[in-house]
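S.K.: Here is what each chain is made of, one letter per residue.
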Amino acid sequence: MSLLELEDVKKIYGQGEIKVFALRGVDLEIEEGEFTTIFGPSGSGKTTLLNLIGALDKPTSGRVQLNGSSIGEMNKNQLALLRRQNIGFIFQSFNLIPVLTAYENVEFALKIAEKGENRKAKEKVENILSRVGLGDMLHRRPNQLSGGQNQRVAVARALVKEPKLVLADEPTANLDSEASKEVLEIMVRMNKELNTTFIFSTHDPMVMEYARRLLELKDGMICREERRE
Amino acid sequence: MYLLKIAFRNLFRRRGRTLILSLILTLAVVFFLFMESMMMGLMDITFANIIDLETPHIEIGREEFFLEADEGNILPLEETFVPDDDMLMAINETQGVLGMTKVLDFSADFIAGRHEFPVRVRAIDPLTFGEVFRNQEYLVEGEFITGNGSGIVIGERLAEFFDLQSGDFFTLRFQDRRGAFNTMQGDVKGIVSVPHPDMNLGTVFVAKEQATKALNLQEDKVSQIMVRMENRDQALTQAQKLGVEFAGRDYQVRSYRDAAELLVALEAWGYLETYFILALFLLVGGIGIVSAIVLAAIERVKEIGMMKALGLKENEIVRVFILEAAGIGAIGSLIGCVLGAVVVYWLTFYGLDMEAFLDLGDLGVPMGDKLYGAWNTSSFVLIFIFVVAIAIIASIIPSYWAARKDPVEAIQHR
Chain A
1 MSLLELEDVK
11 KIYGQGEIKV
21 FALRGVDLEI
31 EEGEFTTIFG
41 PSGSGKTTLL
51 NLIGALDKPT
61 SGRVQLNGSS
71 IGEMNKNQLA
81 LLRRQNIGFI
91 FQSFNLIPVL
101 TAYENVEFAL
111 KIAEKGENRK
121 AKEKVENILS
131 RVGLGDMLHR
141 RPNQLSGGQN
151 QRVAVARALV
161 KEPKLVLADE
171 PTANLDSEAS
181 KEVLEIMVRM
191 NKELNTTFIF
201 STHDPMVMEY
211 ARRLLELKDG
221 MICREERRE
Chain B
1 MYLLKIAFRN
11 LFRRRGRTLI
21 LSLILTLAVV
31 FFLFMESMMM
41 GLMDITFANI
51 IDLETPHIEI
61 GREEFFLEAD
71 EGNILPLEET
81 FVPDDDMLMA
91 INETQGVLGM
101 TKVLDFSADF
111 IAGRHEFPVR
121 VRAIDPLTFG
131 EVFRNQEYLV
141 EGEFITGNGS
151 GIVIGERLAE
161 FFDLQSGDFF
171 TLRFQDRRGA
181 FNTMQGDVKG
191 IVSVPHPDMN
201 LGTVFVAKEQ
211 ATKALNLQED
221 KVSQIMVRME
231 NRDQALTQAQ
241 KLGVEFAGRD
251 YQVRSYRDAA
261 ELLVALEAWG
271 YLETYFILAL
281 FLLVGGIGIV
291 SAIVLAAIER
301 VKEIGMMKAL
311 GLKENEIVRV
321 FILEAAGIGA
331 IGSLIGCVLG
341 AVVVYWLTFY
351 GLDMEAFLDL
361 GDLGVPMGDK
371 LYGAWNTSSF
381 VLIFIFVVAI
391 AIIASIIPSY
401 WAARKDPVEA
411 IQHR
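Those protein sequence lines, which keep their order, are chains A and B. Numbering-wise (my numbering), the first sequence opens with residue 1 and increments by one. Numbering-wise (my numbering), the second sequence opens with residue 1 and increments by one.
Everything labelled a hint here was simulated from the structure, so no lab data went into it. Check each hint, because a few of them may be wrong.
[What the hints assert, rightly or not] Listed next, the in silico DSS-like pairs over lysine-lysine satisfying Cα-Cα at most 27 Å (straight line):
no.: 1; chain 1: A; residue 1: K122; chain 2: B; residue 2: K5
no.: 2; chain 1: A; residue 1: K58; chain 2: B; residue 2: K405
no.: 3; chain 1: A; residue 1: K111; chain 2: A; residue 2: K192
no.: 4; chain 1: A; residue 1: K164; chain 2: B; residue 2: K213
no.: 5; chain 1: A; residue 1: K122; chain 2: B; residue 2: K405
no.: 6; chain 1: A; residue 1: K124; chain 2: B; residue 2: K405
no.: 7; chain 1: A; residue 1: K58; chain 2: A; residue 2: K124
no.: 8; chain 1: A; residue 1: K111; chain 2: B; residue 2: K5
no.: 9; chain 1: A; residue 1: K111; chain 2: B; residue 2: K213
no.: 10; chain 1: B; residue 1: K313; chain 2: A; residue 2: K58
no.: 11; chain 1: A; residue 1: K76; chain 2: A; residue 2: K58
no.: 12; chain 1: A; residue 1: K124; chain 2: B; residue 2: K5
no.: 13; chain 1: B; residue 1: K313; chain 2: A; residue 2: K76
no.: 14; chain 1: A; residue 1: K58; chain 2: B; residue 2: K5
no.: 15; chain 1: A; residue 1: K19; chain 2: B; residue 2: K302
no.: 16; chain 1: B; residue 1: K405; chain 2: A; residue 2: K120
no.: 17; chain 1: A; residue 1: K111; chain 2: B; residue 2: K221
no.: 18; chain 1: B; residue 1: K313; chain 2: A; residue 2: K111
no.: 19; chain 1: B; residue 1: K241; chain 2: A; residue 2: K181
no.: 20; chain 1: A; residue 1: K192; chain 2: A; residue 2: K164
no.: 21; chain 1: A; residue 1: K76; chain 2: B; residue 2: K302
no.: 22; chain 1: A; residue 1: K164; chain 2: B; residue 2: K302
no.: 23; chain 1: B; residue 1: K302; chain 2: A; residue 2: K10
no.: 24; chain 1: B; residue 1: K241; chain 2: A; residue 2: K76
no.: 25; chain 1: B; residue 1: K405; chain 2: A; residue 2: K19
no.: 26; chain 1: A; residue 1: K76; chain 2: B; residue 2: K370
no.: 27; chain 1: A; residue 1: K58; chain 2: A; residue 2: K181
no.: 28; chain 1: A; residue 1: K192; chain 2: A; residue 2: K122
no.: 29; chain 1: B; residue 1: K302; chain 2: A; residue 2: K120
no.: 30; chain 1: A; residue 1: K10; chain 2: B; residue 2: K5
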């Protein structure tokens, strides 16, 4: 069974006469361990699609099924639980908690997912931060780290709870090319090592180079798909 | 635990805001502790003086007598009585009784020279009066009533009013039991200066034997039986018990609080005023907390969105904001309690010179010129809990408002 299945998913914003069709019927299946990039022009529906896949939003019609659970039928609390157990997010602007250190930001994600005992959690957090190259910056706060380092903390935070799916919305948009490359390589490595499924939305050609599956979105529909070895 | 950690650290993100809000709450706490200490101190000393000098823990008399006395009318001699043995035995056997004395209060005009002034004459039994009252400890001139001879003891203000000293001549004019006018004349034996302005001016002490003769009363007749107890709490409970016991015998038993209804009302007003001003402070603090949470939510929209993306439920996000508000309340009330403790300590040990503010004598409040506060540890605990609770209550609605933000909009907020 696929990790993610979308069937004729539509998303319409607005009420009354003014309606915006963000997604016009998307069908999609994603298997575990895939490294997929969704690209397309601004307003094509990339972020909307990612929000639906990430259980942050519900479709207007159609079916989004993640790991066997249908998102449209869940209430707010069930969606929150689904996200905390199964999905890791990486945002364009990192969105780390500024009052927590790198270590604490990562540990926080692990604690709320209620995965791992205290001693093991410590090992796990230190391990993942070392793997993203921040083993010596555990106790720095986000304002004491560079953009690339912050995004690496965000990657560690998304991966520490070993989610089935990691969603990255334009993860390199705020990084220079060197930092972008570093972050992408970490994600590719994690994908291989942990078999975590990654879905990106991006404009960045560099991100597309790393993808093994490319989906082009235009006017709220998938207009092209490409698989690479 | 992490929610608490985030809430705690968030307090220091906007230090200025946290400090201002905390200081408003600090002000409320210090004000409350100061006022409550003053009120308790004032009431403590006031009731202590009333008990020591005017009405002891318990007084027993005829209902009609108390009625006239409370209304400031001429004290009715027909309401005097002869206490029977059963009654005295019941009082003596009451738990916590330290002493008992019989007094005969009546109304008279004090005359010296060309002036006269209405007074209450308290005819006392010199042998037992000291078991219940402490008026003689405030003697400033001459001697107190010691035997059954003639002579009176007056208060300092009355002496000043008539420019009298001990040994000077006086006249008391009054109506006896039959309604005929009579006088009592002699020398002022002593002058007392008690911390009770009304008694200093309007009460005169004479020996009971001398008074009953002049009033043409039976020798054993009294207007009140005065009882001193071990403490005030006992007075309230035992007054009630004795009241039930004497209910069928046409006697009224009053505790010191029943006898000082005006003061009890003053006490209630004082507390009401304190709580009203405290409420105003807390209202300002509460509004401040509401706006602080709203501002924090606006500043942290993305963070709220991210927390939701991480899988935090709405009530967990609410908890972060509420803990933050509770933190502001805790900081404010903790500083307030520390500062309040310093103020109350100073007030308790060094007192406040009231002469500088107002003449308590003119107000008729039975206390000296210096007011000492009362230390009450439970007030500190209560105000701390209360302020934190107010902070939490004030933050509930804005916290829910913050937590209900749509995660998609929150994450994309710019």
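S.K.: All hints are to be evaluated individually against the structure, with a verdict given for each.
M.R.: To see whether the hints hold, each was checked on the structure:
1. Using a Cα cut-off of 27 Å, the hinted pair K122(A) and K5(B) holds, with the two alpha carbons roughly 17 Å apart.
2. The hinted pair formed by K58(A) and K405(B) meets the criterion: a straight-line CA distance of about 15 Å does not exceed 27 Å.
3. At roughly 25 Å between alpha-carbon atoms, K111(A) and K192(A) fall within 27 Å of each other, so this suggested pair holds.
4. Among the hinted pairs, K164(A) with K213(B) is inconsistent with the structure: their alpha-carbon atoms are about 107 Å apart, more than 27 Å.
5. The straight-line distance between the Cα atoms of K122(A) and K405(B) is roughly 32 Å, outside the 27 Å bound, and the hint therefore fails.
6. In summary, the hint linking K124(A) to K405(B) is not supported, as the alpha carbons are separated by about 32 Å, beyond the 27 Å threshold.
7. With a C-alpha separation of about 33 Å, the suggested pairing of K58(A) with K124(A) is violated against the 27 Å cut-off.
8. Taking the CA atoms of K111(A) and K5(B), the gap is about 13 Å. The hint holds against a cut of 27 Å.
9. Our distance criterion of 27 Å between C-alpha atoms is broken by K111(A) and K213(B), whose separation comes to about 92 Å.
10. Using a Cα cut-off of 27 Å, the hinted pair K313(B) and K58(A) holds, with the two alpha carbons roughly 17 Å apart.
11. Distance hint between K76(A) and K58(A) is fulfilled; the C-alpha atoms sit about 10 Å from each other, no more than 27 Å.
12. Pair hint K124(A) plus K5(B) holds up; C-alpha atoms about 20 Å apart against a cutoff of 27 Å.
13. A threshold of 27 Å between alpha carbons decides the hint, and for K313(B) with K76(A) the separation of about 8 Å falls inside it, so the pair holds.
14. With a C-alpha separation of about 32 Å, the suggested pairing of K58(A) with K5(B) is violated against the 27 Å cut-off.
15. Note on K19(A) and K302(B): the hinted pairing holds, with a Cα-Cα distance of about 26 Å set against a maximum of 27 Å.
16. Simply put, K405(B) and K120(A) have alpha-carbon atoms about 34 Å apart, too far for the 27 Å limit, and the pair is violated.
17. For the suggested pair K111(A) and K221(B), the alpha carbons sit about 84 Å apart, so the restraint of at most 27 Å is broken.
18. Between K313(B) and K111(A) the alpha-carbon distance is near 14 Å, which keeps this suggested pair within the 27 Å criterion.
19. Under the criterion of a C-alpha separation no larger than 27 Å, the hint pairing K241(B) with K181(A) is inconsistent with the structure, at around 90 Å.
20. Between the alpha carbons of K192(A) and K164(A) the distance comes to roughly 13 Å, so the proposed pair stays at or under 27 Å and holds.
21. Proximity of K76(A) to K302(B) is assessed by CA-CA distance (about 18 Å); at most 27 Å being required, the pair is judged to hold.
22. The hinted pair formed by K164(A) and K302(B) meets the criterion: a straight-line CA distance of about 24 Å does not exceed 27 Å.
23. Using a Cα cut-off of 27 Å, the hinted pair K302(B) and K10(A) holds, with the two alpha carbons roughly 26 Å apart.
24. A hinted pair counts as satisfied when its Cα atoms are at most 27 Å apart, and K241(B) with K76(A) does not qualify at roughly 63 Å.
25. With a C-alpha separation of about 22 Å, the suggested pairing of K405(B) with K19(A) holds against the 27 Å cut-off.
26. Of the supplied pair hints, the one linking K76(A) and K370(B) is violated, its CA atoms being roughly 64 Å apart against a limit of 27 Å.
27. A distance of roughly 33 Å separates the Cα atoms of K58(A) and K181(A); the hinted pair therefore is violated under the 27 Å criterion.
28. Under the criterion of a C-alpha separation no larger than 27 Å, the hint pairing K192(A) with K122(A) is consistent with the structure, at around 23 Å.
29. As the CA atoms of K302(B) and K120(A) are separated by approximately 30 Å, the hinted pair breaks the 27 Å bound.
30. A distance of roughly 40 Å separates the Cα atoms of K10(A) and K5(B); the hinted pair therefore is violated under the 27 Å criterion.
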